[in-house]
Amino acid sequence: MAMLHTVNKSPFERDALETCLRLAAKGSSVLFIEDGVYGAMKGTSFSTTLSNAMKDKTFYVLGPDLKARGVDASRLIDGIKVVDYAGFVDLTVKHEKVSAWV
Amino acid sequence: MSETKNFMYLNRRAPYGTVYAWESLEVVLIGAAFEQNVSLAFIGDGIYQLLKGQNTTELGIKNFSPTYNALGDYDVNKIYVEKESLDARGLTVADLLPLVYEDADEDYAEKDSIRVVTAAELAEIIDQQDVVLSF
Chain A
19 MAMLHTVNKS PFERDALETC LRLAAKGSSV LFIEDGVYGA MKGTSFSTTL SNAMKDKTFY
79 VLGPDLKARG VDASRLIDGI KVVDYAGFVD LTVKHEKVSA WV
Chain B
1164 MSETKNFMYL NRRAPYGTVY AWESLEVVLI GAAFEQNVSL AFIGDGIYQL LKGQNTTELG
1224 IKNFSPTYNA LGDYDVNKIY VEKESLDARG LTVADLLPLV YEDADEDYAE KDSIRVVTAA
1284 ELAEIIDQQD VVLSF
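These protein sequences, in sequence, are chains A and B. Residue numbers for the first sequence, in the working numbering: 19 to 120. Residue numbers for the second sequence, in the working numbering: 1164 to 1298.
These are calculated hints, taken from the structure and not from any lab test. Since we're looking at a predicted model, the values are computed, not measured. Careful: at least some of the hints might be erroneous.
[What the hints assert, rightly or not] Just some of the chain A residues that point at chain B, by a computed CB distance under 10 Å:
(1) 26
(2) 27
(3) 31
(4) 53
(5) 64
(6) 81
(7) 83
Just so it is clear, CB atoms sit at the ideal spot from N, CA and C, and this is done for glycine as well.
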């Protein structure tokens, strides 16, 4: 099973997401957590880059971190799935390995 | 009696991921209590501090965003938001907390504290400060 990558930094402050997208293999999954959730929003200077990455990777975002930051799910790029903490656990179980781009 | 200085706090980080946003807010309120002339600027990811609808219940940590509403009561009513930072994040002022203050010079009329400014305008404002603190 493919690898799960977690990203916890805003793409506007650090290059964690950019590096992850460049180096994560096709078929990988990427989960946005903590300040990483801002990277999942549409209409930003980063959203085109992310939309392109969605052609060969699957993206998830942690709901509690979205809510904390006042980001409604309607503001996310279409196709990004919101998961809760249990969903986070499921993702780590479903994938053979996890790589955290801290 | 010490002189009053112009203090500006630059808020540049998203809330919750790091402690910068909360620490800045605490320092701002302390500075205001000493009756200094305080203004705030929200730049870059600092914009996210002002997003409406923050709910940290599931994180089990304090949602400090309502505290920004108290700034007006501390006479902190010059809150600058950089337009370029809003644009890069797909946000508008309508996405931000509606921060207001009561203008003592105009029979306590309620006025907006947030002023959206361009980078060029903000550069001028920063240049006029006595003390600039970046968080």
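### Task
Hint by hint, work out which the structure violates, then give me just those numbers in ascending order.
none
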